[in-house]
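Based on the provided sequences and hints, a complete structural model is requested.
As they're listed, the protein sequences go chains A, B and C.
At position 115 of the first sequence the residue is numbered 115 (this note's numbering), and the sequence of numbers has no breaks.
At position 209 of the second sequence the residue is numbered 209 (this note's numbering), and the sequence of numbers has no breaks.
At position 69 of the third sequence the residue is numbered 69 (this note's numbering), and the sequence of numbers has no breaks.
Since the hints were made in silico from the structure, they are not lab data.
Every value quoted in this text rests on a predicted model; they were computed, and no experiment measured them.
Just to be clear, a hint being listed does not mean it is correct.
Residues of chain A clear of chain B, computed beta-carbon distances all greater than 10 Å [said to hold, decoys possible]: (1) Asp123; (2) Gly151; (3) Lys211; (4) Leu283.
Calculated pairs, DMTMM-like style, for lysine to aspartate or glutamate (alpha carbon to alpha carbon, straight line, at most 20 Å) [said to hold, decoys possible]: (5) B:Lys42 to C:Glu19; (6) A:Lys178 to B:Asp150; (7) A:Lys279 to B:Asp82; (8) B:Lys107 to A:Glu115.
Distance ranges between label pairs, derived from CB positions [what the hints assert, rightly or not]: (9) C:Glu29 to A:Glu125: 52 to 58 Å; (10) B:Ser134 to A:Glu236: 48 to 54 Å; (11) A:Asn359 to C:Asn82: 31 to 37 Å; (12) C:Lys23 to B:Gln45: 20 to 26 Å; (13) B:Asp28 to C:Lys23: 28 to 34 Å; (14) A:Lys54 to B:Pro49: 43 to 49 Å; (15) B:His43 to A:Gly65: 56 to 62 Å; (16) A:His179 to B:Ser25: 36 to 42 Å; (17) A:Pro68 to B:Pro32: 41 to 47 Å; (18) C:Lys67 to A:Asn359: 20 to 26 Å.
The C-beta atom is built at its ideal place from N, Cα and C for all residues, glycine as well.
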Amino acid sequence: MSSKIYITGMGMISAIGNNVAESLASLENSNSGIGTLENIRSRHKAIIPVGEIKASNEELTAMAGLLPEQQSTRTALLGLIAVQEALKTAGITDIKEFRTGIISSTSVGGMGTTENHWYEYLDKEKTGPWLKYIEAHECGDSTEFIADKIGIKDYLSTISTACSSSANAIMFGARLIKHGILDRVVVGGTDSMTRFTINGFMALMILDKEKCKPFDSDRQGLNLGEGAGFFVIESEKSAKGKEILAELSGYGNSNDAFHQTASSPDGAGAYLAMEKAFKVSGLKPTDIDYINAHGTGTSINDLSEGTAIDKLFSKNVPNISSTKAFTGHTLAACAAIEGIFSVLAIKHNMIFPNLNYVNPMTELSFKPTTTLEKGKKINHVLSNSFGFGGNTSALIFSRHQ
Amino acid sequence: MEYKNYINTFCSIKNGTVSIDGSISFEDKTLPAADFIKLVYKHFQISYPKFYKMDQLSRLAFVVSELILKNNPITLKNEDADIAIIIANSASSLETDEEHQRNISDKNNYFASPAVFVYTLPNILIGEIAIRNSIKGENTFFIFDKFDADFMSSYINSLLNSNKIKCCITGWVDFYENKYEAFLYTVEKEKGILSLEHTSDQLKKIYNN
Amino acid sequence: MDALIDQLKGEIIEQLNLEDLKKEDIDNEAPLFGEGLGLDSIDALELIVLLEKNYGIKVANPADGKKIFQSIRTMAEFIEANKK
Chain A
1 MSSKIYITGM GMISAIGNNV AESLASLENS NSGIGTLENI RSRHKAIIPV GEIKASNEEL
61 TAMAGLLPEQ QSTRTALLGL IAVQEALKTA GITDIKEFRT GIISSTSVGG MGTTENHWYE
121 YLDKEKTGPW LKYIEAHECG DSTEFIADKI GIKDYLSTIS TACSSSANAI MFGARLIKHG
181 ILDRVVVGGT DSMTRFTING FMALMILDKE KCKPFDSDRQ GLNLGEGAGF FVIESEKSAK
241 GKEILAELSG YGNSNDAFHQ TASSPDGAGA YLAMEKAFKV SGLKPTDIDY INAHGTGTSI
301 NDLSEGTAID KLFSKNVPNI SSTKAFTGHT LAACAAIEGI FSVLAIKHNM IFPNLNYVNP
361 MTELSFKPTT TLEKGKKINH VLSNSFGFGG NTSALIFSRH Q
Chain B
1 MEYKNYINTF CSIKNGTVSI DGSISFEDKT LPAADFIKLV YKHFQISYPK FYKMDQLSRL
61 AFVVSELILK NNPITLKNED ADIAIIIANS ASSLETDEEH QRNISDKNNY FASPAVFVYT
121 LPNILIGEIA IRNSIKGENT FFIFDKFDAD FMSSYINSLL NSNKIKCCIT GWVDFYENKY
181 EAFLYTVEKE KGILSLEHTS DQLKKIYNN
Chain C
1 MDALIDQLKG EIIEQLNLED LKKEDIDNEA PLFGEGLGLD SIDALELIVL LEKNYGIKVA
61 NPADGKKIFQ SIRTMAEFIE ANKK
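Structure below.
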């Protein structure tokens, strides 16, 4: 049993960098990864900007140190690259040294690959090496692929709760450690860009035709992104003697119970999730130095989330920003990626800017931080992630004392 | 630290049969999956117009949830935030994913349907149950090869034993290509209608019933 | 106009899966959203798709839907005015 959850490793890949160091540099220099869609064919290419990783699946395969014939789906490859980095920073060379598990999450799974071969799949006469991707379609396959490549056998699970998926994976991993089931867990999420999601979000009419502007009164929607983010979280036992990057001190999840996709106007689910995270951590809202908001840039999310934050913090909101304008909305991966940004905020005493913000929302008491702030001591960071289906999650990251 | 939790009601819908607490309460083996689920909705006189807007997976989950909550109305005795919904399946939302894919793959007749896309996530079915009953507790959706009684019992028991929640609606809901299987049950800290101890063995027994 | 209204009712019932409803249940003037048919934001998006798919009319801004979808009659009038 371990009462504390130590973060000893983290790895990520997204439109702003292929690893944590590159991502930090982009955050510091306000280099957004939002741009034109290049890797996949789409009739919406000219209309919607996206946060895309500028590497082909072949290049990602090489980046992950795999042979060409070992190539898997884009979702699995992104996940593996982030996991490899997380294990490296955690200094894990022998995976069998402790009871180790992996809880991954994804919303699209192998969808991107399936849609590339869709017409070939439909033709019963055709055959080719792509047939192996039929089995790679389902959400659990990317987790199995990653676990197989890094040798995790003790415990494996996949969560799919839309855009809060990786927050729930992190939370589940933490519980496995607290209950003494595992000593350390690789937790996070991965999602690749697909026509499937682009078309779906187009139909929901919540994609901004320009770069997204979270918390701006003139916000027009979100930008889709892709990426993967993973942590290595450990118990006191297995983390002994290691550098602790931060602690995961709180987590909470609830359901908004309002609408299939739209958040409730008062942010009831968001409020409950944050409240639970505070309860687990034993912290008070006044302890929080920075909030990394879900802040997608849609009219409904930002109002709902902002209203819940205003209520919980009694309109005394600390520094807050959404980093979605850097990476785009990376769906199942966003909670883990933004969790990494939260740890970086603690490690480097930095608050990352909420890009593209101009006009305050009259409904909210606060304005987000719009330029990089350095020097203020950051001890506790709250990070929110909310998904369709009303699934709302909140995580609290704290400086290791 | 020896806590016991109890399964107080369970319901399954599979192979044209609805069973509540282990006894068959409705049967029709002639209909395809979608028609059968609609018939179950009508047979049990459930009235919720939004039912027809749901995809097949959500409809199936919704109907089973209505039946167990009618039998054991835990929402009346518990706070919204103390009730969890934890569900798993194997096919995720594949049935509806394919429908969305068909909508966007016909180059000449190309219209993504927002109402279809909404259901391309498996956890939307949890949202539907939550909306209907205003349940605001913890909720998660897992993807497994098959119903995993060991995992489900230990996961739910640990949630209950750590006082994160007071009760839970949980189980398995799968729908793909006319094949369907739903098995939901309630778990509480207190004894109730059935008072079956929530252990992996007990779960296997009632699941295979 | 009456023929269009009748056709539109059938299309709406089908597109929005309003299985409990018949054409005659829908009042030409009654509000489609809120108290009337009880449609929601996803239904509004679905109606935007219906306009494009069946009538070739593009609605770029979902906020415009509010006016267009006040009732079956306003929707029919909008189609008459914009049909290609």
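Status of the hints after comparison with the structure:
Chain B leaves aspartate 123 of chain A outside its interface by the beta-carbon criterion, the shortest separation being 13 Å against a cut-off of 10 Å. For glycine 151 of chain A, the condition that its CB be more than 10 Å from all CB atoms of chain B holds, with the nearest at approximately 21 Å. In this structure lysine 211 of chain A is separated from chain B by more than 10 Å, as the shortest Cβ-Cβ distance comes to about 23 Å. Listed as outside the interface, leucine 283 of chain A is consistent with that label: its C-beta sits roughly 18 Å from the nearest C-beta of chain B, beyond the 10 Å cut-off.
Distance restraint check for lysine 42 of chain B and glutamate 19 of chain C: the Cα-Cα separation of roughly 12 Å lies within the 20 Å cut-off, and the hinted pair is therefore satisfied. Distance check on the hinted pair: lysine 178 of chain A and aspartate 150 of chain B sit about 19 Å apart at the alpha-carbon level, within 20 Å; holds. Among the hinted pairs, lysine 279 of chain A with aspartate 82 of chain B is consistent with the structure: their alpha-carbon atoms are about 14 Å apart, no more than 20 Å. Pair hint lysine 107 of chain B plus glutamate 115 of chain A holds up; C-alpha atoms about 13 Å apart against a cutoff of 20 Å.
At roughly 56 Å, the beta-carbon separation of glutamate 29 of chain C and glutamate 125 of chain A lies within the given 52 to 58 Å, and the hint holds. Remark: the range hint 48 to 54 Å for serine 134 of chain B to glutamate 236 of chain A is contradicted by a beta-carbon distance near 40 Å. The beta-carbon spacing between asparagine 359 of chain A and asparagine 82 of chain C, approximately 32 Å, falls within the hinted interval of 31 to 37 Å. The beta-carbon spacing between lysine 23 of chain C and glutamine 45 of chain B, approximately 25 Å, falls within the hinted interval of 20 to 26 Å.
A beta carbon spacing of about 29 Å between aspartate 28 of chain B and lysine 23 of chain C agrees with the range 28 to 34 Å that was offered as a hint. As the Cβ distance of lysine 54 of chain A to proline 49 of chain B is approximately 47 Å, the hint placing it in 43 to 49 Å holds. The supplied range of 56 to 62 Å is met by histidine 43 of chain B and glycine 65 of chain A, whose beta-carbon atoms lie about 57 Å from each other. Hint check: histidine 179 of chain A to serine 25 of chain B, Cβ distance near 37 Å, so the stated range 36 to 42 Å holds.
Taken as a hint, the range 41 to 47 Å holds for the pair proline 68 of chain A and proline 32 of chain B, whose Cβ atoms sit roughly 44 Å apart. For lysine 67 of chain C and asparagine 359 of chain A, the Cβ-Cβ distance of about 25 Å falls inside the hinted range of 20 to 26 Å, so the restraint holds.
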